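*Asks:* Residues per chain, in single letters:
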Amino acid sequence: MGRSFTGSLDRREPLFAMDKPKLSMYWASSCGGCEIALVNLHEKILDVDGHFEFFFCPCLLDTKRADVEALPDGGLAIAFFNGAIRTAENREMARLMRAKSQLLIAFGACACMGSIPALSNLHSRQAHLRTNYLDSPSLDNPSGTLPALGSAMAEGELELPEFLETVQSLAQVVPVDYSIPGCPPEPHQIWNVVEAVIRGATLPPRGSVLGAGVSSVCGECGREKSDKRIPGFHRTFEIRPDPRTCLLEQGLVCMGIATRDGCGALCPQVNMPCAGCYGPPEGVLDQGAKMISALGSVLDLGDYRGATAEQVAGKADAAMGGLPDPAGVLYRYSLSGAAVRSDLP
Amino acid sequence: MKRISINPITRLEGHGKIDIFLDEEGNVANAYFQVPELRGFEQFCIGRQAEDMPSITSRICGVCPEAHHLASVKALDQLFAAEPPPAAKKIRELLYMAFFVTDHTTHFYALGGPDFIVGPDAPPAGRNILGVVRTVGLEVGKAVIECRARNHRVIQTLGGRGIHPTAGLPGGWSKSVSAPERAEIEEAARRNVDFALFSLGVFEKAVWGNPVYREMLESDVYCHRTYSMGTVDLSNRLNLYDGQIRVVDPDGVEFARFPASEYLEHIAEHVEPWTYLKFPFLKKAGWKGFEEGAASGVYTATPLARMNASSGMATPRAQCEFEKFYAAFGGRKPVHHRLATHWARLIELLYAAERMLLLATDPELTSPDVRAPVGRISGSGVGSVEAPRGTLIHHYEADEKGLLRRVNLIAGTTNNHAAIAMSIAKAAKCLIRAGRVVEEGLLNRIEMAFRLYDPCLSCATHSLPGSMPLEVRIRDHVGVAVRTLRREG
Numbered sequence: 000m001g002r003s004f005t006g007s008l009d010r011r012e013p014l015f016a017m018d019k020p021k022l023s024m025y026w027a028s029s030c031g032g033c034e035i036a037l038v039n040l041h042e043k044i045l046d047v048d049g050h051f052e053f054f055f056c057p058c059l060l061d062t063k064r065a066d067v068e069a070l071p072d073g074g075l076a077i078a079f080f081n082g083a084i085r086t087a088e089n090r091e092m093a094r095l096m097r098a099k100s101q102l103l104i105a106f107g108a109c110a111c112m113g114s115i116p117a118l119s120n121l122h123s124r125q126a127h128l129r130t131n132y133l134d135s136p137s138l139d140n141p142s143g144t145l146p147a148l149g150s151a152m153a154e155g156e157l158e159l160p161e162f163l164e165t166v167q168s169l170a171q172v173v174p175v176d177y178s179i180p181g182c183p184p185e186p187h188q189i190w191n192v193v194e195a196v197i198r199g200a201t202l203p204p205r206g207s208v209l210g211a212g213v214s215s216v217c218g219e220c221g222r223e224k225s226d227k228r229i230p231g232f233h234r235t236f237e238i239r240p241d242p243r244t245c246l247l248e249q250g251l252v253c254m255g256i257a258t259r260d261g262c263g264a265l266c267p268q269v270n271m272p273c274a275g276c277y278g279p280p281e282g283v284l285d286q287g288a289k290m291i292s293a294l295g296s297v298l299d300l301g302d303y304r305g306a307t308a309e310q311v312a313g314k315a316d317a318a319m320g321g322l323p324d325p326a327g328v329l330y331r332y333s334l335s336g337a338a339v340r341s342d343l344p
Numbered sequence: 000m001k002r003i004s005i006n007p008i009t010r011l012e013g014h015g016k017i018d019i020f021l022d023e024e025g026n027v028a029n030a031y032f033q034v035p036e037l038r039g040f041e042q043f044c045i046g047r048q049a050e051d052m053p054s055i056t057s058r059i060c061g062v063c064p065e066a067h068h069l070a071s072v073k074a075l076d077q078l079f080a081a082e083p084p085p086a087a088k089k090i091r092e093l094l095y096m097a098f099f100v101t102d103h104t105t106h107f108y109a110l111g112g113p114d115f116i117v118g119p120d121a122p123p124a125g126r127n128i129l130g131v132v133r134t135v136g137l138e139v140g141k142a143v144i145e146c147r148a149r150n151h152r153v154i155q156t157l158g159g160r161g162i163h164p165t166a167g168l169p170g171g172w173s174k175s176v177s178a179p180e181r182a183e184i185e186e187a188a189r190r191n192v193d194f195a196l197f198s199l200g201v202f203e204k205a206v207w208g209n210p211v212y213r214e215m216l217e218s219d220v221y222c223h224r225t226y227s228m229g230t231v232d233l234s235n236r237l238n239l240y241d242g243q244i245r246v247v248d249p250d251g252v253e254f255a256r257f258p259a260s261e262y263l264e265h266i267a268e269h270v271e272p273w274t275y276l277k278f279p280f281l282k283k284a285g286w287k288g289f290e291e292g293a294a295s296g297v298y299t300a301t302p303l304a305r306m307n308a309s310s311g312m313a314t315p316r317a318q319c320e321f322e323k324f325y326a327a328f329g330g331r332k333p334v335h336h337r338l339a340t341h342w343a344r345l346i347e348l349l350y351a352a353e354r355m356l357l358l359a360t361d362p363e364l365t366s367p368d369v370r371a372p373v374g375r376i377s378g379s380g381v382g383s384v385e386a387p388r389g390t391l392i393h394h395y396e397a398d399e400k401g402l403l404r405r406v407n408l409i410a411g412t413t414n415n416h417a418a419i420a421m422s423i424a425k426a427a428k429c430l431i432r433a434g435r436v437v438e439e440g441l442l443n444r445i446e447m448a449f450r451l452y453d454p455c456l457s458c459a460t461h462s463l464p465g466s467m468p469l470e471v472r473i474r475d476h477v478g479v480a481v482r483t484l485r486r487e488g
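Keeping their order, the protein sequence lines are chains W and X. If you count the first sequence from 1, position 184 lands on 183 in numbering that gives the first Met the number 0, and the numbers rise without skipping. If you count the second sequence from 1, position 173 lands on 172 in numbering that gives the first Met the number 0, and the numbers rise without skipping.
Just chain W, with the same shape it has in the complex (with noise of 0.2 Å):
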């Protein structure tokens, strides 16, 4: 997320001249959940109003797409930008909006790295359209009517546009300045990226992680780690956790050893793995890659001296029986960037 900036704001002129700077928040393939984040600043959005200008948030504001059009190029001092790049609209205003801000932030798991939406991507086109308009059991739909690019109605032409194929970041579509990981991220962490802005603090270098730590969940959970090995994964159905210990010591998949520091372990907190929303911790490319290597060292398939290369699968198969979708949940939120894929039919 968010390496590959190639932006040119001039650091000689002021980061925000004259006016109130321009604040923006826009919504690609997302659920709302980051504008309630922000909402959730609760009296401080009074504090933002004061020194922002806050501009476009369909959410929000009635102001137009035609109003951010008309700005000049760098018009908005900062755009959130979150949700996943689903349509070709979503990607014509994730260039919009790169065109016409001096910082881009990607804001919140799905434009950081695909989150919920690119699950997506682990089944094709075809099979979304025959699962919602030909083969769900509420149907009524004899003729096998399919949405359409464009209808000839009576009165005339009507057009629906089309979805990509795949679900992509962000920062696969357009370079991005910054990246506030979190599904949403916490507004605590929302406030201390823009209490910093509003202080004039330096920002670390383009690229980085804002609003978040560099080390893993781990780092900042209370329960207690103690090195013990297991001997395989359970469901979070299946045991009543206890409520000191570490959870991956007690079998549950918890990813918070690959997941950046940053929520307060809110998750495991409530007798829940964390599922890793705020993505890998810092210099971790594969999330996934970094918990399957996690998982991997907790796992004690016990002596297996002797044993047949098949008996030691079957005995992994039988370690691994907690975890029967490895893709949904080692990946659930980080699945555009992943070299994990499918041509499933």
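Some hints could be false.
Derived CB-CB ranges, DEER-like [what the hints assert, rightly or not]:
1) W:68 to X:428: 27 to 37 Å
2) W:243 to X:366: 18 to 28 Å
3) W:197 to X:256: 48 to 58 Å
4) W:94 to X:263: 37 to 47 Å
Examples of chain X residues lying across from chain W (beta carbon under 7 Å, computed) [claimed, not checked]:
5) 25
6) 29
7) 41
8) 42
9) 47
10) 60
11) 142
12) 144
13) 168
14) 169
15) 357
16) 373
17) 374
18) 398
19) 402
Everything labelled a hint here was simulated from the structure, so no lab data went into it. Being a predicted model, the structure only gives us computed values, none of them experimental. Where a beta carbon is used, it is the ideal one built from N, C-alpha and C, also for glycine.
Given chain W, work out where chain X should sit, using these hints.
*Replies:* Just chain X now, with coordinates in the frame of chain W:
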């Protein structure tokens, strides 16, 4: 009707679209509301571990993740044959009531309310939450912010996270409630009751008390006689978390009453080629197109529909407001004046606050027994709740490993798709006569026709919740676009 096949991308628009066609006299021949996005949870959830669905489907909508989390976990209870202990059910409903308070508050003050509090014809730059604060004063603005803040704290305490909760498990909840947590939630609930009463006062004074708005509320422009759907308890009183789904006909006579698990006998979905979003309808009445009346299967599932489909409210102050509401419309029930949905939403806000207080003071709430063992890992399950925007149904089927092989979702807003399209067409027909175009006023008054539904297209297929990017195209009788009004995303 000619159909053109889907082919690789030519040009995409991610907007909610409305196309209005004019006849030779310049009157409206027809208007179309299009939802131009498909997100595809029903496909990409196939192969996922069933127990992960409460977290995955929360990401359908960041505005109402709690609704998806709970409909999902209720579907899992059935799929895994695990009956949650009483405390777990109470924790779930308590979280849900806190969520309803914050969600309905957000709609009234930030999304729908600006049309009334700032005014439907006010400049667009002022028609937002900041304009509301300027109009009603900073103190009210702060009260709104505090209300949202305390309820998101409650959601985080109970569900683990303020947005996208994580604590739902088949057969229960991952965390019990401590005594200090309970006390803090009780205090929040008390303040919510006061805030709800205050908000009803704002509505009565600023909207119902204003002759211009009152005329709009009672006008035929925003009126449709359709079926109404909602979830009710054993006494047919409105319930947001659990019960049976009840449907009344346009005259208020019971048409159907069924558990969510039987939804396929009652609801079917129609497909049109010009929109990605399907059109649910009542199977026993049938799909007759975009028509009102008892012969057409079109129904609504909104705060107004829920009140129409119920005999009353289960809490005393909300019941009092319920009676006041129907009396204001001359004792008629059901009420079909769709702008009254804003009022119904505030009565639900009060109900949610009162119900939250009741649950927060329940001695069983702090029981440590919040999880039941699962009885199986394969099979099917259906779960439903009333989402703020309508009845929400999750239906899963899992294989012998507990991996999903089929997922069907009917989201709150989807129920209202046909009705939203009809409301937009009717508003357009009433507002555009003989080719005269009311520019900004037209745009906003058409927006008001869908905004009253609080549509969440994020939930519906995925587009955009709340106030979505919108394009209104007006075409002449030969189909040439004579004017395009856009509010893009």
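*Asks:* Tell me if the beta carbons of residue 243 (chain W) and residue 366 (chain X) are separated by a distance inside 18 to 28 Å.
*Replies:* Since residue 243 (chain W) and residue 366 (chain X) have Cβ atoms about 21 Å apart, the given range 18 to 28 Å holds.
*Asks:* Quick check on the hint: residue 42 (chain X) CB to chain W CB, less than 7 Å?
*Replies:* holds, 4 Å
*Asks:* Using 7 Å as the Cβ threshold, decide whether residue 41 (chain X) counts as touching chain W.
*Replies:* holds, 5 Å
*Asks:* Minimum Cβ distance from residue 168 (chain X) to chain W below 7 Å?
*Replies:* holds, 6 Å
*Asks:* Using the nearest Cβ pair, does residue 47 (chain X) come within less than 7 Å of chain W?
*Replies:* Because about 5 Å separates residue 47 (chain X) from the closest Cβ in chain W, which is inside the 7 Å limit, the hint holds.
*Asks:* Are residue 402 (chain X) and chain W close enough, Cβ to Cβ, to be under 7 Å, as the hint says?
*Replies:* This interface hint holds because 6 Å falls under the 7 Å limit.
*Asks:* Kindly confirm whether 37 to 47 Å is satisfied by the beta carbon distance between residue 94 (chain W) and residue 263 (chain X).
*Replies:* Holds - the Cβ-Cβ distance for residue 94 (chain W) and residue 263 (chain X), about 44 Å, lies within 37 to 47 Å.
*Asks:* Quick check on a hinted range of 27 to 37 Å for residue 68 (chain W) and residue 428 (chain X), using CB atoms only.
*Replies:* holds, 32 Å
*Asks:* Residue 197 (chain W) and residue 256 (chain X), beta-carbon distance inside 48 to 58 Å?
*Replies:* With a Cβ separation near 56 Å, residue 197 (chain W) and residue 256 (chain X) satisfy 48 to 58 Å, so the hint holds.
*Asks:* Does residue 142 (chain X) pass the interface hint, meaning its C-beta sits closer than 7 Å to a C-beta of chain W?
*Replies:* violated, 11 Å
*Asks:* With a cut-off of 7 Å, does the beta carbon of residue 25 (chain X) approach a beta carbon of chain W closely enough for the hint to hold?
*Replies:* violated, 14 Å
*Asks:* Would you settle whether the hint for residue 374 (chain X) is holds or violated, based on the nearest Cβ-Cβ distance to chain W being less than 7 Å?
*Replies:* violated, 11 Å
Hints 5, 11, 15, 17, 18, counting from the list given before, are not met by this structure.
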